[in-house]
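Asks: The opening residue of the sequence shown carries number 1 in the UniProt record's numbering; numbering runs sequentially from there.
To be clear, the hints were calculated from the coordinates, so they are not data collected in a lab. Do not take every clue at face value.
[As the list claims (entries may be wrong)] As a list, the in silico DSSO-like pairs of lysine-lysine whose alpha-carbon atoms are at most 27 Å apart:
| id | residue 1 | residue 2 |
| --- | --- | --- |
| 1 | 367 | 404 |
| 2 | 367 | 512 |
| 3 | 395 | 367 |
| 4 | 501 | 470 |
| 5 | 525 | 562 |
| 6 | 112 | 307 |
| 7 | 562 | 587 |
| 8 | 307 | 408 |
| 9 | 562 | 503 |
| 10 | 470 | 418 |
| 11 | 404 | 418 |
| 12 | 303 | 367 |
| 13 | 75 | 112 |
| 14 | 512 | 404 |
| 15 | 512 | 303 |
| 16 | 501 | 512 |
| 17 | 470 | 408 |
| 18 | 367 | 525 |
| 19 | 501 | 303 |
| 20 | 588 | 512 |
| 21 | 144 | 112 |
| 22 | 512 | 472 |
| 23 | 307 | 297 |
| 24 | 395 | 297 |
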Amino acid sequence: MHLSRCGAWLAGWRQVIPSSRPTPRAEASCPSLLCTCPQVMKTMGLNNAVHWVAWFITGFVQLSISVTALTAILKYGQVLMHSHVLIIWLFLAVYAVATIMFCFLVSVLYSKAKLASACGGIIYFLSYVPYMYVAIREEVAHDKITAFEKCIASLMSTTAFGLGSKYFALYEVAGVGIQWHTFSQSPVEGDDFNLLLAVTMLVVDAAVYGVLTWYIEAVHPGMYGLPRPWYFPLQKSYWLGSGRAEAWEWSWPWARAPRLSVMEEDQACAMESRRLEEMRGMEEEPTHLPLVVCVDKLTKVYKNDKKLALNRLSLNLYENQVVSFLGHNGAGKTTTMSILTGLFPPTSGSATIYGHDIRTEMDEIRKNLGMCPQHNVLFDRLTVEEHLWFYSRLKSMAQEEIRKEMDKMIEDLELSNKRHSLVQTLSGGMKRKLSVAIAFVGGSRAIILDEPTAGVDPYARRAIWDLILKYKPGRTILLSTHHMDEADVLGDRIAIISHGKLKCCGSPLFLKGAYGDGYRLTLVKRPAEPGDPQEPGLPASPPGRTQLSSCSEPQVSQFIRKHVASCLLVSDTSTELSYILPSEAAKKGAFERLFQ
1 MHLSRCGAWL
11 AGWRQVIPSS
21 RPTPRAEASC
31 PSLLCTCPQV
41 MKTMGLNNAV
51 HWVAWFITGF
61 VQLSISVTAL
71 TAILKYGQVL
81 MHSHVLIIWL
91 FLAVYAVATI
101 MFCFLVSVLY
111 SKAKLASACG
121 GIIYFLSYVP
131 YMYVAIREEV
141 AHDKITAFEK
151 CIASLMSTTA
161 FGLGSKYFAL
171 YEVAGVGIQW
181 HTFSQSPVEG
191 DDFNLLLAVT
201 MLVVDAAVYG
211 VLTWYIEAVH
221 PGMYGLPRPW
231 YFPLQKSYWL
241 GSGRAEAWEW
251 SWPWARAPRL
261 SVMEEDQACA
271 MESRRLEEMR
281 GMEEEPTHLP
291 LVVCVDKLTK
301 VYKNDKKLAL
311 NRLSLNLYEN
321 QVVSFLGHNG
331 AGKTTTMSIL
341 TGLFPPTSGS
351 ATIYGHDIRT
361 EMDEIRKNLG
371 MCPQHNVLFD
381 RLTVEEHLWF
391 YSRLKSMAQE
401 EIRKEMDKMI
411 EDLELSNKRH
421 SLVQTLSGGM
431 KRKLSVAIAF
441 VGGSRAIILD
451 EPTAGVDPYA
461 RRAIWDLILK
471 YKPGRTILLS
481 THHMDEADVL
491 GDRIAIISHG
501 KLKCCGSPLF
511 LKGAYGDGYR
521 LTLVKRPAEP
531 GDPQEPGLPA
541 SPPGRTQLSS
551 CSEPQVSQFI
561 RKHVASCLLV
571 SDTSTELSYI
581 LPSEAAKKGA
591 FERLFQ
């Protein structure tokens with residue numbers, strides 16, 4: 001009776017842990033704040049190992065409360081009253097660790113939380129099969145199973161836990177319980193397995209699950225992230241970084257990743273730039289500035305709908321410049337930014353940021369990368385100051401520098417009175433200003449802003465403009481927007497994309513000259529004073545009505561054409577005249593003579 005009661009308690013504990021398992025990647029894939037928060041943090045420099053350790057600590061702290069409570073119940077509830085309390089706690093705690101790692105493994109196999117929960121439960125219960133096999137052979141068939149066979153079966157943590165629970169029950173039935181001197185002994189004669197081996201196998205299981213999680217996430221990152229080649233553990237660049245491993249390669253050809261040198265990549269980008277400049281609408285690039293971002297024939301095809309989101313897109317971004325990225329919905333703006341920030345892998349083509357390839361050196365790129373996504377990714381329970389401090393620390397910025405940068409940034413944001421306010425109390429415009437500011441903290445030099453002024457009031461919009469212009473020196477900024485005035489004010493160059501292809505790129509003045517009709521001149525007709533002469537043939541105005549002064553359109557047009565011969569009258573109403581003046585006239589000084 002006592003044996004069955006021990007088994008029931010410990011079997012129930014096996015159901016407690018999975019019900020509170022953390023699933024980092026499965027949760028991070030849902031279309032909500034959780035979907036973007038981890039990705040934005042990684043883009044801003046969060047180390048992946050730190051991300052997993054944080055989840056592990058969170059899960060273990062939560063489960064340690066249950067472990068401690070259950071230990072007290074088992075010890076003082078007349079269930080495991082003879083066993084040492086620390087051994088009970090250790091056994092349950094190690095099993096909790098193994099179960100957390102098992103849940104991590106399940107989470108990287110699925111990208112949707114609901115699917116991970118359903119399939120995770122099925123996989124968890126299927127892991128009981130080895131224990132059932134061992135129990136049937138020992139209890140029913142009375143076969144002798146070696147310690148090696150039990151260790152192999154214990155590669156499933158539930159089997160190791162079941163065998164350990166059995167030894168607890170057997171020692172309790174004997175009236176002695178598990179003690180430290182019997183920790184490595186079996187209560188069954190001729191049995192080479194014991195509780196120490198069961199605990200050891202739980203530790204081994206946790207390590208195996210952790211290694212599998214690390215490997216599977218690297219080669220199959222799911223919805224977000226860049227997959228590594230299956231042989232990435234054999235690449236020295238993974239362990240030492242690209243800088244220290246450039247002069248060293250594996251002697252096996254299949255273990256080498258194809259990679260051009262930085263010089264070759266820059267030459268390729270320059271050749272592509274010259275080809276693009278020959279096309280209409282491509283202004284000569286400012287090659288006197290340092291080249292920061294080189295997008296080379298970037299192509300992206302989504303597997304679900306087989307849509308060609310990017311079609312051999314090539315674009316160069318230079319330091320100290322803002323490039324406004326324009327295009328219709330679905331043109332490929334957000335896809336381009338997602339690839340540059342490492343959220344999506346390209347189907348073909350590549351891009352370099354500060355000479356680092358986005359396909360293989362994203363960790364190096366993220367040290368200088370700042371990002372403002374299309375929607376705010378903020379923590380409601382943190383203040384404005386805490387947000388800036390948190391993201392600055394992700395960039396490994398020194399505490400003294402963080403304090404100076406925070407003070408300056410908060411002043412520039414005009415949020416001094418909201419410095420210690422929770423984000424959930426801020427207005428939409430304030431939240432957006434904070435999201436944009438986060439992209440600039442920590443010394444980020446390559447900035448990606450996806451519609452930074454979307455949905456904000458004119459006052460907040462102007463404040464965001466001022467912030468971008470103030471922090472532009474020394475940085476390279478790619479900004480997507482639907483507002484033409486915003487692109488004109490902020491953009492040193494404007495790149496227009498349609499259906500995944502770059503259609504034109506150049507300064508606002510260049511594009512106006514290439515595609516615009518010119519300048520519009522509007523002349524407002526002055527209301528006529530009583531007694532002013534009227535143009536012949538015009539009827540007199542009725543009494544009590546304001547009379548317009550005589551305005552001879554032919555005479556006005558003749559006067560304008562005297563200075564701008566190719567002007568065009570587009571509108572002649574009762575209140576105004578409107579002309580289009582070609583841009584070429586401005587270069588010849590015709591406008592200056594016209595308005596003298």
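Asks: All hints, please: hold or fail.
Replies: Hint-by-hint comparison with the structure:
1. Only pairs whose Cα atoms come within 27 Å are accepted, and residue 367 paired with residue 404 is accepted, the gap being roughly 20 Å.
2. At most 27 Å may separate the alpha-carbon atoms for a hinted pair to count; residue 367 and residue 512 exceed this at roughly 37 Å.
3. Taken as a hint, the residue 395 and residue 367 pair is honoured in the structure, with Cα atoms around 6 Å apart against an allowance of 27 Å.
4. Between residue 501 and residue 470 the CA atoms are separated by roughly 31 Å; this puts the pair beyond 27 Å, and the hint is violated.
5. With a C-alpha separation of about 20 Å, the suggested pairing of residue 525 with residue 562 holds against the 27 Å cut-off.
6. Between residue 112 and residue 307, the direct Cα distance comes to roughly 22 Å. Compliance with the 27 Å bound is thereby established for this hinted pair.
7. Taking the CA atoms of residue 562 and residue 587, the gap is near 16 Å; set against the 27 Å cutoff, the hint holds.
8. As the CA atoms of residue 307 and residue 408 are separated by approximately 44 Å, the hinted pair breaks the 27 Å bound.
9. As the CA atoms of residue 562 and residue 503 are separated by approximately 37 Å, the hinted pair breaks the 27 Å bound.
10. The straight-line distance between the Cα atoms of residue 470 and residue 418 is roughly 21 Å, inside the 27 Å bound, and the hint therefore holds.
11. Restraint check for residue 404 and residue 418: the C-alpha separation of about 17 Å stays at or below 27 Å, so the hint holds.
12. Of the supplied pair hints, the one linking residue 303 and residue 367 is violated, its CA atoms being roughly 30 Å apart against a limit of 27 Å.
13. With a CA separation close to 40 Å, the supplied pair residue 75 and residue 112 exceeds the 27 Å bound.
14. The straight-line distance between the Cα atoms of residue 512 and residue 404 is roughly 41 Å, outside the 27 Å bound, and the hint therefore fails.
15. Taking the CA atoms of residue 512 and residue 303, the gap is about 38 Å. The hint is violated against a cut of 27 Å.
16. Taking the CA atoms of residue 501 and residue 512, the gap is near 20 Å; set against the 27 Å cutoff, the hint holds.
17. At roughly 12 Å between alpha-carbon atoms, residue 470 and residue 408 fall within 27 Å of each other, so this suggested pair holds.
18. The hinted pair formed by residue 367 and residue 525 fails the criterion: a straight-line CA distance of about 60 Å is larger than 27 Å.
19. Restraint check for residue 501 and residue 303: satisfied, since their Cα atoms lie roughly 19 Å apart, inside the 27 Å limit.
20. For the hint linking residue 588 to residue 512, the alpha-carbon distance of about 16 Å falls within 27 Å, and the restraint holds.
21. Proximity of residue 144 to residue 112 is assessed by CA-CA distance (about 44 Å); at most 27 Å being required, the pair is judged violated.
22. A distance of roughly 24 Å separates the Cα atoms of residue 512 and residue 472; the hinted pair therefore holds under the 27 Å criterion.
23. This hinted pair checks out: residue 307 and residue 297 have alpha carbons roughly 17 Å apart, not beyond 27 Å.
24. Distance check on the hinted pair: residue 395 and residue 297 sit about 30 Å apart at the alpha-carbon level, beyond 27 Å; violated.
Hints 2, 4, 8, 9, 12, 13, 14, 15, 18, 21, 24 from the earlier list are contradicted by this structure; the remaining hints agree with it.
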